[in-house]
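Student: Given the structure of chain H, go ahead and fit chain C onto it with the hints provided.
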Amino acid sequence: MQSEIQRNKLKAILFFLSPSILGLLLFSLIPMVFSFLLSLTKWDGLTRWNLKAGIPNIVGFGNFKEILTDAEFWKVLGHTSYYIVLYIPLILIFSLLVANLLNMDFKGIVAYRVLFYIPVLTSWVAGALVWKWVLNPLYGPLNEMLRFIGIEGPGWLQDAKWAMPGIVLASIWKDMGFFGLIFLGALRGINIEYIDAARIDGANWWQRLMKITLPLISPAIFFVIVISIINSFQLFPQIMIMTEGGNAGPHGATQVMVERIYKYAFKYFKMGYAVAYSWLLFVIIFAFTMLQVKLQKRWVHYDE
Amino acid sequence: MKRIVNLAVTAMVMFIFVSTVTAGGKQEASGGGVEKVVTVDYMNFSGSGDRAKVLEQMKEIFENQNSGIRIKIKTVDFGSYFTLLQTRVAAGSAPDSYELNYENFIAYAKKNVLMDLDPLFKKSGFDTSSLNKNALKAFRTDGKQYGLPESYSTVLLFYNKDLFNRAGASYPTDNWTWSDEQRAAEKIRALGKNIFGISHPIQFWEFYKVVQQNGGSLLSKDGTKFTVDTPQNVETLKFMVDRVLKSNVMPSAKQNAGGDWNMFKSGRLGMIVTGVWAFHDFTRDCKFKWDIAVEPGNLKKATHFFANGIVINKDSTVAGAAFKWIKFMSASKEAAQIRVNADWEVPATTYPEIMADYNSKTPPANRKAVFDSLNYLVTPPVVEQAGEMTDILNLQLQAARDGDKSPAQALADAQKQLEEKIKLK
Chain H
4 MQSEIQRNKL KAILFFLSPS ILGLLLFSLI PMVFSFLLSL TKWDGLTRWN
54 LKAGIPNIVG FGNFKEILTD AEFWKVLGHT SYYIVLYIPL ILIFSLLVAN
104 LLNMDFKGIV AYRVLFYIPV LTSWVAGALV WKWVLNPLYG PLNEMLRFIG
154 IEGPGWLQDA KWAMPGIVLA SIWKDMGFFG LIFLGALRGI NIEYIDAARI
204 DGANWWQRLM KITLPLISPA IFFVIVISII NSFQLFPQIM IMTEGGNAGP
254 HGATQVMVER IYKYAFKYFK MGYAVAYSWL LFVIIFAFTM LQVKLQKRWV
304 HYDE
Chain C
52 MKRIVNLAVT AMVMFIFVST VTAGGKQEAS GGGVEKVVTV DYMNFSGSGD
102 RAKVLEQMKE IFENQNSGIR IKIKTVDFGS YFTLLQTRVA AGSAPDSYEL
152 NYENFIAYAK KNVLMDLDPL FKKSGFDTSS LNKNALKAFR TDGKQYGLPE
202 SYSTVLLFYN KDLFNRAGAS YPTDNWTWSD EQRAAEKIRA LGKNIFGISH
252 PIQFWEFYKV VQQNGGSLLS KDGTKFTVDT PQNVETLKFM VDRVLKSNVM
302 PSAKQNAGGD WNMFKSGRLG MIVTGVWAFH DFTRDCKFKW DIAVEPGNLK
352 KATHFFANGI VINKDSTVAG AAFKWIKFMS ASKEAAQIRV NADWEVPATT
402 YPEIMADYNS KTPPANRKAV FDSLNYLVTP PVVEQAGEMT DILNLQLQAA
452 RDGDKSPAQA LADAQKQLEE KIKLK
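If you read the protein sequences in the order shown, they are chains H and C.
Counting from 1, position 229 in the first sequence corresponds to residue 232 in this note's numbering; the numbering is continuous, with no gaps.
Counting from 1, position 315 in the second sequence corresponds to residue 366 in this note's numbering; the numbering is continuous, with no gaps.
Treat the hints as calculated values from the structure; they're not laboratory data.
Check before you lean on any hint, since a few could be wrong.
Below, a list of computed lysine-lysine pairs in the DSSO-like style, where the Cα atoms sit at most 30 Å apart [stated by the list, open to error]:
| hint | chain 1 | residue 1 | chain 2 | residue 2 |
| --- | --- | --- | --- | --- |
| 1 | H | K164 | H | K135 |
| 2 | C | K472 | C | K365 |
| 3 | H | K78 | C | K276 |
| 4 | C | K161 | H | K68 |
| 5 | C | K289 | C | K244 |
| 6 | C | K476 | H | K266 |
| 7 | C | K289 | C | K305 |
| 8 | C | K474 | H | K68 |
| 9 | C | K384 | C | K174 |
| 10 | H | K45 | C | K162 |
| 11 | H | K266 | C | K472 |
| 12 | C | K195 | C | K174 |
| 13 | C | K474 | H | K78 |
| 14 | C | K125 | H | K266 |
| 15 | C | K289 | C | K212 |
| 16 | C | K276 | H | K266 |
| 17 | C | K352 | C | K340 |
| 18 | C | K467 | C | K276 |
| 19 | C | K467 | H | K266 |
| 20 | C | K188 | C | K162 |
| 21 | C | K365 | H | K55 |
| 22 | C | K188 | H | K266 |
| 23 | C | K365 | H | K266 |
| 24 | C | K87 | C | K123 |
| 25 | H | K164 | C | K244 |
| 26 | C | K244 | H | K135 |
| 27 | C | K467 | H | K78 |
| 28 | C | K305 | H | K135 |
| 29 | C | K195 | H | K45 |
Derived list of chain H stretches under chain C, where covered just means 3 residues or more per stretch with a C-beta under 8 Å from a C-beta of chain C [said to hold, decoys possible]:
| hint | stretch |
| --- | --- |
| 30 | 41-49 |
| 31 | 129-141 |
| 32 | 159-170 |
| 33 | 254-268 |
From the three backbone atoms N, C-alpha and C, an ideal C-beta is built for every residue, glycine too.
Pulled out of the complex, with its shape left as it was, chain H reads as follows (with noise of 0.2 Å):
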């Protein structure tokens, strides 16, 4: 008897689960098997095939191996470095500025919250065209202002050393709304009554922000980290349409994971190799978030 209800019950989740199940099987589970097959090939991406004809070309690891000796990669994970070097410590001040900035209580702080939203709920195309406007050297307003206190500014997309900071700015720009708004909920939660205890023990402000403030937001502080890592570790849009015809360049400055993986895919007709590709990314993504979980026991403090 009870068996039969329990039975019952497992037909009704799985009924009601069923469609996000089937999604799941038909979208994710099934392309990721078929991507892993298709990763142990030289398939072109142009060649039909199918399973009961026989999978073409199989290498087994050789993609794998191949990618990580080939120099190109090292390069490649370079650029991504470089860019989440410059982008993650910038990203956390700014979206904190934000935070705090939007904390304030006056009429119409709503609109403002609005306006500091609106880049990101713009498409990366409109954005991306904005910024490579900002930055253009001769026209751009970046430069103009620069110039005004005299300093010659760089050609930001045109030169190998500076197209990647000028990509972190565009993505700052993009993302501190965002992080903003995470950050202003966690400031939101704080209980005002620490800050007061402190303030009347005799701390200032700068130990009020290291020692009560932080500590207690650093679970959105971990989770704006984690997710912002990921997001580099994806950085595509904005190199493909702000760097020269999207060629990643100033001679391929800005090369990125996911830029190599389309090129490989669609442009080089190298299907096996970008899958195998996509599947370094996922495993160097993967371990990036476990390593930070295991860390955040050491500096993240959950209210108990």
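Tutor: Structure of chain C alone, referenced to chain H:
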């Protein structure tokens, strides 16, 4: 409970069944079978934007001439065209006929997904004499004709007459060489800090041609070895790069951040090497007199063009009708005339009256240079991994252009990478 599950499963199966059946019903006869109407899919990129109307016009005329054939046009913008096309070809749902530019044509032909048109030529007694020979040849590989040329665009030397007059330089002629061009560029550069002599992009699609102007090449004659880093080619690249870094008659990447077309249109650029697709914009936007000339050579003349062709999917079930369509688009007088009227690239045909019509349009006054430059035509190296080769070379050429590598170093690095990564026959 069980019933609900059964019902849901049945509904789903029905849904999948219905969607498959409707998707597969494309070639069915319409109506009661009085006359069988065949539908031919045609996917293209060149008809996006303003040109959609023009393409529609061509389609209408074709359908009037061929009552049994309906053309289903799908136009996709260039940016996403090749991603979508590749996916459809791989999935076995390629359109019956589709557009390919020359840069992608070789890769598709070598992957064995295109229909060999020679049997269709024979069957229909197609006379190719109305087509430009060079353009036709461009879509032939491994001894088989895999596509018909639709239109092409030659690359020429455009120049600003007003700047030439101000600088006291004589206009380019067909006999010009690099040094004539350089002298004029220097005179124009001297006119002002923000006025430049020439823009000649330092990238693969120019470089493969410019090396030939200097008697060099990127591939050995038999196509088995790369010859990128020869002293001749180093000299060629040095000539191009020196114009940026030494004499600065050509703007650097930073000086050119607004784009060389804009620089030309604003009257700050004496000469620019670009294609006939600039006619439309330059006519509309230039407030000064400009004209064109065949590009100067050094040891010899060499010019190049970009061509678009139409191919038929190898597995198309309506190949006969599709061939009629691509023949119409490629070689018919009607399509050529519409093309010329709309100033939509150059039709690949040789009809004298239509070409006379094309030549009578101004500016530029010297329109015959468009065709004269075909006499010196060179084609890019035929390599299956064309896309990858292009990117490898571009990376190194840009490094040289920006002064981050010497021309010799850049070409040596390119040679090494090409040997490692590109398979030749």
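Student: Confirm or reject each hint.
Tutor: Status of the hints after comparison with the structure:
This hinted pair checks out: K164 of chain H and K135 of chain H have alpha carbons roughly 16 Å apart, not beyond 30 Å. Under the criterion of a C-alpha separation no larger than 30 Å, the hint pairing K472 of chain C with K365 of chain C is consistent with the structure, at around 29 Å. About 27 Å separates the Cα atoms of K78 of chain H and K276 of chain C, which keeps this hinted pair within 30 Å; it holds. For a cut-off of 30 Å, the pair hint linking K161 of chain C to K68 of chain H stands: about 27 Å separates their Cα positions.
Note on K289 of chain C and K244 of chain C: the hinted pairing holds, with a Cα-Cα distance of about 23 Å set against a maximum of 30 Å. Between the alpha carbons of K476 of chain C and K266 of chain H the distance comes to roughly 23 Å, so the proposed pair stays at or under 30 Å and holds. Between K289 of chain C and K305 of chain C the alpha-carbon distance is near 19 Å, which keeps this suggested pair within the 30 Å criterion. The hinted pair formed by K474 of chain C and K68 of chain H meets the criterion: a straight-line CA distance of about 19 Å does not exceed 30 Å.
Distance hint between K384 of chain C and K174 of chain C is fulfilled; the C-alpha atoms sit about 21 Å from each other, no more than 30 Å. Among the hinted pairs, K45 of chain H with K162 of chain C is consistent with the structure: their alpha-carbon atoms are about 13 Å apart, no more than 30 Å. Between K266 of chain H and K472 of chain C the CA atoms are separated by roughly 15 Å; this keeps the pair inside 30 Å, and the hint holds. For the given pair, K195 of chain C sits about 15 Å from K174 of chain C by alpha-carbon distance, which is consistent with the 30 Å threshold.
Our distance criterion of 30 Å between C-alpha atoms is met by K474 of chain C and K78 of chain H, whose separation comes to about 23 Å. The hinted pair formed by K125 of chain C and K266 of chain H meets the criterion: a straight-line CA distance of about 24 Å does not exceed 30 Å. Under the criterion of a C-alpha separation no larger than 30 Å, the hint pairing K289 of chain C with K212 of chain C is consistent with the structure, at around 28 Å. For the proposed pair K276 of chain C and K266 of chain H, the alpha carbon gap of about 24 Å is at most 30 Å, so the pair holds.
Distance check on the hinted pair: K352 of chain C and K340 of chain C sit about 26 Å apart at the alpha-carbon level, within 30 Å; holds. Simply put, K467 of chain C and K276 of chain C have alpha-carbon atoms about 12 Å apart, close enough for the 30 Å limit, and the pair holds. Of the supplied pair hints, the one linking K467 of chain C and K266 of chain H holds, its CA atoms being roughly 21 Å apart against a limit of 30 Å. A distance of roughly 19 Å separates the Cα atoms of K188 of chain C and K162 of chain C; the hinted pair therefore holds under the 30 Å criterion.
For the hint pairing K365 of chain C with K55 of chain H, the CA-to-CA distance comes to about 21 Å; that is within 30 Å, so the pair holds. Using a Cα cut-off of 30 Å, the hinted pair K188 of chain C and K266 of chain H holds, with the two alpha carbons roughly 28 Å apart. Between K365 of chain C and K266 of chain H the CA atoms are separated by roughly 25 Å; this keeps the pair inside 30 Å, and the hint holds. For the suggested pair K87 of chain C and K123 of chain C, the alpha carbons sit about 16 Å apart, so the restraint of at most 30 Å is met.
For the given pair, K164 of chain H sits about 26 Å from K244 of chain C by alpha-carbon distance, which is consistent with the 30 Å threshold. Between K244 of chain C and K135 of chain H, the direct Cα distance comes to roughly 24 Å. Compliance with the 30 Å bound is thereby established for this hinted pair. Note on K467 of chain C and K78 of chain H: the hinted pairing holds, with a Cα-Cα distance of about 17 Å set against a maximum of 30 Å. Under the criterion of a C-alpha separation no larger than 30 Å, the hint pairing K305 of chain C with K135 of chain H is consistent with the structure, at around 13 Å.
Restraint check: the Cα-Cα separation between K195 of chain C and K45 of chain H comes to about 26 Å, which is no more than 30 Å; the hinted pair holds. With 3 residues carrying a beta carbon less than 8 Å from a beta carbon of chain C, the stretch 41-49 of chain H meets the three-residue requirement, and the given coverage holds. Under a criterion of three residues with beta carbons nearer than 8 Å to beta carbons of chain C, the stated coverage of the stretch 129-141 of chain H is upheld, 3 such residues being counted. Under a criterion of three residues with beta carbons nearer than 8 Å to beta carbons of chain C, the stated coverage of the stretch 159-170 of chain H is upheld, 4 such residues being counted.
Evaluation of the coverage hint for the stretch 254-268 of chain H: fulfilled, as 3 residues show C-beta separations to chain C shorter than 8 Å, against a requirement of three.
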